[in-house]
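Novice: Residues per chain, in single letters:
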Amino acid sequence: MLMQTELVWLLGAVAKGDAAAFERLYEATRAKLYGVLLRILGRPALAEEVMQETYLKVWKMADHFDPAIASPITWMVAIARNRAIDIARKRGDVSIEDEPEALEVASEAPPPLARREMTEELKRLLSCLGKLDPEKQRIVLLAYYSGWSRDQLAQKLDIPVNTIKTWLRRSLLEIRECMGSRA
Amino acid sequence: MYDDDRDALAAEYVLGTLSTDERDQAEALLAIDPGFAEIVRVWERRLGELNVMVEAVEPPAEVWEKIRTEIGSAGPRSAAVAETGLLATVEAAPQTVSFTAPDIAAAMTPESAPVAQFELAPEPELDLPPEPASDLAAQLPQDFDTPVPQDLDETSPVAALASSLLPPELEAPSETPLPPGPSSPMMPPQTKRSADVVYLERGVRRWRGTTVAMGAIAALLAVYIAVAQFAPGLIPLSRQPQPVIATRTQPPGARLVAALQQDPTSPAFFLTVDPQSRTLTVRRVSATPEAGRSYELWLISSKYPNPRSLGLVGDEEFTARPLPANFDVDTVRAASYAISLEPAGGSSTGVPTGPVLFTGKLVESLPGSPS
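Heads up: the protein sequence lines correspond to chains A and B, in order. Terminal number for the first sequence in this note's numbering: 167, no gaps in between. Terminal number for the second sequence in this note's numbering: 1082, no gaps in between.
If you are wondering where the hints come from, they were derived from the structure by calculation, not from laboratory data. Computed from a prediction, not measured in an experiment: that's the story for all the values here. Careful, some of the hints might be misleading.
Claimed, not checked - Selected chain B positions facing chain A (Cβ under 8 Å, derived; list incomplete):
#1 D715
#2 I743
#3 V768
#4 K777
Claimed, not checked - Simulated crosslink set (DSBU-like; lysine-lysine; CA at most 35 Å straight-line):
#5 K120/A with K140/A
#6 K44/A with K1014/B
#7 K41/A with K1014/B
#8 K74/A with K41/A
#9 K149/A with K74/A
#10 K41/A with K149/A
#11 K41/A with K140/A
#12 K44/A with K74/A
#13 K120/A with K149/A
#14 K74/A with K1014/B
#15 K0/A with K41/A
#16 K777/B with K0/A
Unchecked claim - From the derived model, a few chain A residues whose C-beta atoms are all more than 10 Å from chain B:
#17 G19
#18 R75
#19 Q139
Note that beta-carbon positions come from the ideal geometry of N, C-alpha and C, so glycine has one too.
So that you can see chain A by itself, here it is in the shape it has in the complex:
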């Protein structure tokens, strides 16, 4: 288990060219990033490709990491997601049948969240999300976790694209205001 401060330290070491620290950083973060990428890209081969690109970027840009604004894992995940979304968009909007059935619920398994740790900031975010309409919550979460575009969201949820656009903008604004300017 690595905690925040250790990851920050590792990134600092990586910024100085420490290859051993980089390997430790990889070991500590690879599964999380890979999980995120699989969610968005769906295909392991693609996810692996983006993993490589991501970690290479981390290696090169570690000196740009600013602990004042970012946490190591969200910084790295952002790099990974950006690339994944780029690729997903280039693939074009996939039809409903090809997409994973994200809206279906695993009925037997207990809610995964029960076994997870929640950070204070996550709780705040979820609390703010909870103030949105259920439909809006859903599109925000689908967009984040699955990387769906507006068109895909519109198609899947059977809502006009312009409505999706309006809802997203409004929802994000409300989240920001709920969380306060310092969050």
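Following the hints, complete the assembly by docking chain B onto the known chain A.
Specialist: Same frame as chain A, now just chain B:
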């Protein structure tokens, strides 16, 4: 409003829902507008919290091989990196602080206590409704409409929604099993654990930025120990039991943990104090205790003329014991803590005789009610 527009653009960029043209626009803006870049980072961090709930999946081993090859051909990174960002904070030289025994109580004032901060992240287990959210639309509005003081109740429906959008968690090695605490039996998964971590440092040093406001009571800082967040295996301690602390019915306010660290290159001790079960646990992250020496933990409070020993920190990774009965909860909360290096077996005088290596104040954090 221009700022709202920029913020909306940044938010949707991070979310990923911009059209291709808008995305290009955002990326161009990122390159030329540092203010915009900062807003993007804020959104990345804010929304990035959602990743906590994504299941970790081990990638194939070849991925690392390819990365390593690419790193090799990319050449070693230049050691002469600009003093920006992380390095400036990492290398800010800490003052070397050593206390003699009579100085300790005087030195433990809020002003002199070293400060560093990070995110706070307690480790609660959510008591989610047991039935799966098969009909989310029906479930959500009920909880949504009734405001509940418990922040966890507010987050539960959303959390249930979020977790319903994620496949069930794989029975992966990244699970950290809940172990029995020092004085309690094995807790069921629904039991809430609570811990706040305080980051204690030698000397005075400040990380740049990132203070998380903690509410009226909290004065300083917190560092969160992310327990099952990342792949294990790197440090064997990831499998170690964590102390199980409060149950969900307890008022969420009482959570105290301290992280004791010498400097960024030296791994930490973590001190967890649970005032409710009256246990303390010290976890050693680094491996080697000094031969012939012992670490001793001290409680420092204005109530007492001298530091009070809380016992030795053992050689094993976890040292857990009950809090001495004569400390009341308020004292425990307000106290400062220190670890000194004593002869084997501890100080024979009842006060620290060796160098005090780690000092800091416990911080009490409020539960995550949205402020």
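Novice: With reference to the structure, classify each hint as holding or not holding.
Specialist: Each hint, compared with the structure:
Nearest Cβ of chain A to the Cβ of D715/B: about 7 Å, under the 8 Å cut. The hint holds. Here the hint on I743/B is broken, as its CB sits about 16 Å from the closest CB of chain A, past 8 Å. Given hint, V768/B at the interface with chain A, holds; its Cβ is 4 Å from that chain's nearest Cβ, closer than 8 Å. The beta carbon of K777/B comes within 5 Å of a beta carbon in chain A, closer than 8 Å, and the hint placing it at the interface holds.
At roughly 14 Å between alpha-carbon atoms, K120/A and K140/A fall within 35 Å of each other, so this suggested pair holds. Proposed proximity of K44/A and K1014/B is contradicted: the alpha carbons are some 52 Å apart, above 35 Å. For the hint linking K41/A to K1014/B, the alpha-carbon distance of about 53 Å lies beyond 35 Å, and the restraint is violated. Annotation: proposed proximity of K74/A to K41/A holds, straight-line Cα distance about 20 Å (limit 35 Å).
For the suggested pair K149/A and K74/A, the alpha carbons sit about 20 Å apart, so the restraint of at most 35 Å is met. Taken as a hint, the K41/A and K149/A pair is honoured in the structure, with Cα atoms around 31 Å apart against an allowance of 35 Å. For the given pair, K41/A sits about 33 Å from K140/A by alpha-carbon distance, which is consistent with the 35 Å threshold. Between K44/A and K74/A the CA atoms are separated by roughly 25 Å; this keeps the pair inside 35 Å, and the hint holds.
This hinted pair checks out: K120/A and K149/A have alpha carbons roughly 11 Å apart, not beyond 35 Å. Between K74/A and K1014/B, the direct Cα distance comes to roughly 66 Å. Violation of the 35 Å bound is thereby established for this hinted pair. A distance of roughly 14 Å separates the Cα atoms of K0/A and K41/A; the hinted pair therefore holds under the 35 Å criterion. For the proposed pair K777/B and K0/A, the alpha carbon gap of about 21 Å is at most 35 Å, so the pair holds.
With a closest Cβ-Cβ approach of about 4 Å to chain B, G19/A is found to fall inside the 10 Å limit, against its non-interface label. Non-interface call for R75/A relative to chain B: holds, since the shortest CB-CB distance, roughly 12 Å, exceeds 10 Å. Once the 10 Å rule is applied to beta carbons, Q139/A is consistent with being away from chain B; the minimum gap is 13 Å.
In the structure shown, a violation is registered for the earlier hints numbered 2, 6, 7, 14 and 17, in ascending order.
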